[in-house]
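Novice: If you want the building blocks of each chain, they are given just below.
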Amino acid sequence: MPLAHDAPIHDGVRDFELDNGLKVLVRELHTAPLVSVWCWYRVGSRDEGPGQTGVSHWVEHMNFKGTTNIPRDQMKGIVERFGGMWNGYTWIDQTTYLETAGRDAVDQMLFIEAERMNNGLYDPEECESERTVIISELQGGENDPEQVLDTEVTATAIRAHQYRHPTIGWIDDLRSMTRDDLYGHYRRHYIPNNATLVIVGDVATDDVLRRVERHFGAIPEGQKPLRKVSLEPPQSGERRVEVEREGTTAYLKLAYHAPAAPEPDFFPMVVLDAVLTGAKGLNLWSSFRVPPPQRRARLYTAVVERGLASAVSGAVVPTSHPFLYTVSFTATEGVELGDLEQAALSAIDDAVLGVDEQEVARAKRQLKARLVFENDSVTNLAHQLGYFETVVGPGFYPRLLRSIQSVTLDQVRDVARRRLTKHARTVGWFRPLRSRSAAAPVALERTA
Amino acid sequence: MTITTASSGLSPLKAVLSNGAVVIAQETSMTPAVTISAVFRAGSMYEPAELAGLAYLTGRVMDRGTERRKAAAVAQELDDRGVSLKISTNRHNLAVSATCLAEDFEDVLDIVLDVARSPVFPDEEITKRRSEAITAVRQDEDNPAVRAVEGLLALLYGPSHPYGRSVKGRAEILDRITRSDIVQFHSTRVVPSSLSLAIVGDVYAEQAIERSRAQLDGWGTSPIPRVDLPAVPTAIARRQRSIAMPGKAQSDIAYGFTTIPRLDFRYYAYWMMNNILGQFGLGGRLADNVRERQGMAYYTYSSFDPAPAQAPLIIRAGVDPANVRRAIAAIDHEVDKLGAEGPTEQELSETRDFLVGSIPRLLETNQSIATFLQLAEEFQLGLDFDRRLPAVLQHVTLDEVRSAARETLHTSRASVVVAGPHEDFV
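Sequence lines, in order, name chains A and B. Under the numbering used here, residues 1 to 448 are what the first sequence spells out, in order. Under the numbering used here, residues 449 to 874 are what the second sequence spells out, in order.
Careful: at least some of the hints might be erroneous.
Listed next, the in silico DMTMM-like pairs over lysine to aspartate or glutamate satisfying Cα-Cα at most 20 Å (straight line) [as the list claims (entries may be wrong)]:
hint	chain 1	residue 1	chain 2	residue 2
1	A	Lys-76	A	Glu-28
2	A	Lys-76	B	Glu-554
3	A	Lys-65	B	Asp-736
4	A	Lys-76	B	Glu-793
5	A	Lys-368	B	Glu-554
6	A	Lys-76	B	Glu-798
Calculated directly from the structure, the hints in this document are not laboratory data.
Isolated chain B (complex conformation) (with noise of 0.2 Å):
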């Protein structure tokens, strides 16, 4: 018998259309199932500092009635159809997005481009889900790893830059951002120049392409505004901040630096070195001293995600209060380290190898190919993004990655935020 396995590179379609939506799909077999994307750049960083919260707030309310469908309509076509629509902000983009039966796919992108493009914001809705925001707000103020990580954002890039501040704003700007601020906001970020709408699964591409074309057709656009992001700040010092947290059974650590924008030329060195400082088998170094060795943590890992502007690099780990600052110790051991001394050969082989064996598991589901696509248009890396990347990944040099590690892990010019019921650290 001979097996064959379908292919593990993807085959996308892209269209441009003529306001400026992008729309990409991409067929899969595993399940008669659809998820449609639709991403717009209309992440916090382009709402005013003074109403921060404004991106987030708008995403909550914008599937709360359209011009054609009343939010109780919404709410019965999608719960009826089994599906729930997800958006979701960050400092970058505002999502929305789906996952249907393949039966459903039609009436779907309908739902999802209608709630994208024709939102009416009613002021019931805005009072209801501002409270919910709010109350969101609270929660994360009551959360140790939110705090520190939210804490460390803050050091790192300072309040005049949009990483600097949380997506979710705080309670007193959510309660004075108006309506007419959120219908503002809408109208000149979310709309089809900033879109990218990723459809993947059990529909043809062609058709996905089309059905998707006869929806947005005539929803015009004007130029997005430009946001010039200030300069990231440079840390000449090492910065350490502690929240105190009564009450709380464990100390979260959040350990940072700034480091480069995804288009920079280093980008695949930094990740590399990212992955054997704290991500390689279950924390790469990082878990190797804190967790297996010393028994400090149940999790510490580091994170290094693509941005447009100089990404940070964050360490986490959550501790005993007793032991933070041994923890601490230990992170500024592996960072100290691998800064001065670089990678092994070895452990370079074993990172390039697991990054390039993982492309397929990372593009086993729908969602996850979705959002594949979708960050390869947003840094125009390709439509064959998947098949040049193990090339790309094979010609990063033991010396780049050493030096990736060099420019930027210095304990000295660390920032460090603890917070839980732990004594004073600093």
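For reference, chain A alone in the conformation it holds in the complex (with noise of 0.2 Å):
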């Protein structure tokens, strides 16, 4: 007899609207004497023009750094007195913030989120000295050959929209944009009416929502921004992008262009990418770091069982516009990227000649899993509640096992042939240049 709860997880969750417009989601579990606060803002990377790539990551970083209420060497602790953690991030959609602590720490973690969205303070100078932390994280991100030939992938796969561009940004626009620029973008986003709180764990509804009408209650509304994107146009043909850098290993990453989560051909797409490479589920706040069922997957026989690849991995997203599906390939000692390459296309190929009942069944299996496994804790069930409320709207989140077990044989044919094309792919090469970085470990030692 099971001990976990029969009913769905997100079953339970109140949902209520402050007179600014603020949305607030409330979901009691009392497992733990935990709370997660999550504060969620309709604003990523794709919000930004010319000139200003990676302003909405790096207001991010500047939301850390002092309010008018909070001084900026007393942020630290507040929530760790409670055994609390605090972090956020930032892509393409969103731009989040969570605390997660004892019950005791519920107001100081809603106090921290009113402060952030009203009160920040962005000094000239601690703007100037995250210039240099924000070009670093982008340095460290450089460090590592399948995130530069990721970014060299996304760019040529993607030509108008605004997706195109890293979250971190272009390294000259960091290093030009003012301080003006990052304080007139959070201004413009930073708005109860642009923001949804989600707030999960050990509390009593009526009483959390006194107690957020209390923090946010008095925040004016504001004009929601317009958010402008270009479309993007159809493909017509295969691109290619070759990297060359100094490295031990070979990488290949495929792109093709993928569903919005609203579109109806979503839910067939991950499914098929489950049949490809596994299911990952559907978090990105958790599901990345447990690796996916694979050993059956199409693209783990054809190449890593085959000798060719040491790994596989796909990834489909649920994002508000259409982005990428891409799969990457890490090249096994010794083997050719183009060997690897044909192996990979002529799986994809087989793939959308004959998805079969077996795999589709396997792949919804695998997800209904994935579906339990990644709401483990009341931090990853309010990143779901607020992710989903925040990138594709309400009402999503509920329906996702429904729509995931609703995917049939013939959506996912279908799907595959229509966009797993030739002319509709990015292919992508790291190359490494072997001459240098292979070099002796050692350049030179000193003992003091």
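Need the complex rebuilt from these two chains, each delivered in its own frame; the hints are there to steer you.
Specialist: Listed below in structure tokens is the structure:
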């Protein structure tokens, strides 16, 4: 007999809206004396114009650097005193902040988020200091050849839509943006009627709502920002990009145009990805920490089992607008990228012709299990509630499992046939230049 | 309305089987899922130095066919249930773990224990996984963070201590490891008397233990050969090492010391000292200086993990190649200051509140509970360790933490390794 609740975990979520337009989602969960608070904003790197790439992410950083009522050096320690953690992230559609701590810290968590929404300091010196931190973050990413390749492939596969530029921004924009650029972006997007506050955990709904009203109720509504994007024109031929850098290992990345989460193709695409590379689930915050079940997946058997690649992974992510379906391969030592590419594309062509009923059934079982695994904490559940509310809209998240279960074999075949085509793909190679990086490991040593 | 919150303390059941295997089970009710974690004391510290990478390669091949299941059957049974079996190897342990739906618990437990107990190590699988392992070693060679940390551990412990060697070994060694080496390592080390099996989740604890007992029945064991670790070298001078990685964008700094084993009575004072130095908030005093005040790094922190031997305390930072010297000077400053003066009363109080308050958060997921219980078992801390821990931390004094800092944090005895495209800094 199971100990866990029979009801789906999204049951029992209550939603409210303050007079200033702030959406509030509350899910009581009393399995541990913990509460997770997330504040989501409908702003991401797609909302950035020329010369300002990376501004959303930089703004996120600035919102850890003091507010009118939380001096810069006192932000640290507010939730830590209750055993809490806090963090935030920015991606193409959204920016979010979180705290998870003991239940006695609810007021402190709400206070921090209310301050962030309305009272950021944006001290010019702090903005300058953070510029180099962010450039350091970018450089850290550039140390990773797979990330370098991903940036190149994304910018090649997407030509018009703002999804084409990396969330962290292009380096010249990071060097030239000003404090006023940051503050202007903050003021435009950080308003209650552009945000969703999610609270999950050991709270009483009525009580926590009173607290929310007290912390956020006086923040004035703002003019909702217009989110303009350029629509991506259809791709009419294969694109290729090759990166050559010092390194030891070769990588291959394939990108196809993926449906946006609200499109009918989305769930068939999720199932198709599970058939090709194993099911990942749909939680950006937690899923990547768990490897997918993929030993029987088509691309795993086609390239890893044949010794051509040491790893393969696929990614289809719920986004507001059409983004990319990518498949990434690590070439096994000694394997030529051309041979790996040929085997991978051949396996994809086979899938287009013949995904079968058994594969689809297995993929759906895997996805059902992943949806359970990815809700294993108040933090992860709060992420899911806020993510789908922000990126897609109300009502989407509770239907996830039903939407996956209703996908048919014909839909999977159809989406494979229409979307995994040669003329709509981008092929990226990372070719390592071995001459210098693989040189003698120690250049200098000194004992003082 | 009265709200009842589940008790924050764990209430695990434990059984020690006649063949020496320890089974611990903990019920949870957040999701209808179960985590199964079989940890064997079979990490790289138990492999011969000339076969560095043997434990890692053994782990990579273990789940590729058993006496009862071909590799394809293992794959099919796992994939059909949405389960990915994870086999991980570190310096101390080799762990086989999986999370499954509660309804699949008995089937998946059977697979996990079958893989651990009866692998057949087919030659063709060894060939394939060896290539993958060598590729992973090559990827590490291209990763400044890994190069810096491995370089630091080599400096701190030297080649004769297993902490000084990479878990994955080297390509040329992996190339010459034979099936017989793997079979021998498995039969000697992956045995019931080195096993701690944790089952955490939506399953009755008694049933989980009985099921495990039935599965492990008949797996005989002989005593595990004892491994005496060589003495950890004492640093008497500062050592610095630069690893040139042209073409990279950022330099990675690994800076550290050797400290104490987990069972040393000073452990909790060291733990709190490390929290103050490089953990509290977004990275303790180190992050306040290197990141927040000087804007030099996206990440800087220190780590200090429990270990049977003298664990390393490792300070890390990723910085612009032009800032390597300045970042090391900032780290030196914080190390010197904390070493000489110790923390303030307020820092100690904040850190204590944080560590005590974070216990429920650390015991929230099935996987994190399993990890906690197995660590408690490894160091014989007791089934009630989560309940005792707050009082233990409350009793640590400011003088004890100051002593920990004074004993460890000396810039003149630090080892520093930097990997990246920087100009020489030594």
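Novice: Next pair to validate is Lys-368/A with Glu-554/B; report whether the Cα-Cα distance is within 20 Å.
Specialist: holds (19 Å)
Novice: Between Lys-65/A and Asp-736/B, is the straight-line Cα distance small enough, at 20 Å or below?
Specialist: holds (12 Å)
Novice: Regarding the pair Lys-76/A and Glu-554/B, is the alpha-carbon distance no greater than 20 Å?
Specialist: The given pair, whose Cα atoms are some 45 Å apart, is violated under the 20 Å limit.
Novice: Between the alpha carbons of Lys-76/A and Glu-28/A, is the straight-line distance 20 Å or under?
Specialist: Violated, at about 27 Å.
Novice: Keeping to a limit of 20 Å between CA atoms, is the pair of Lys-76/A and Glu-798/B held or broken?
Specialist: holds (10 Å)
Novice: Please verify whether Lys-76/A and Glu-793/B have alpha carbons no more than 20 Å apart.
Specialist: holds (17 Å)
Of the numbered hints stated above, those contradicted by the structure are hints 1 and 2, listed in ascending order.
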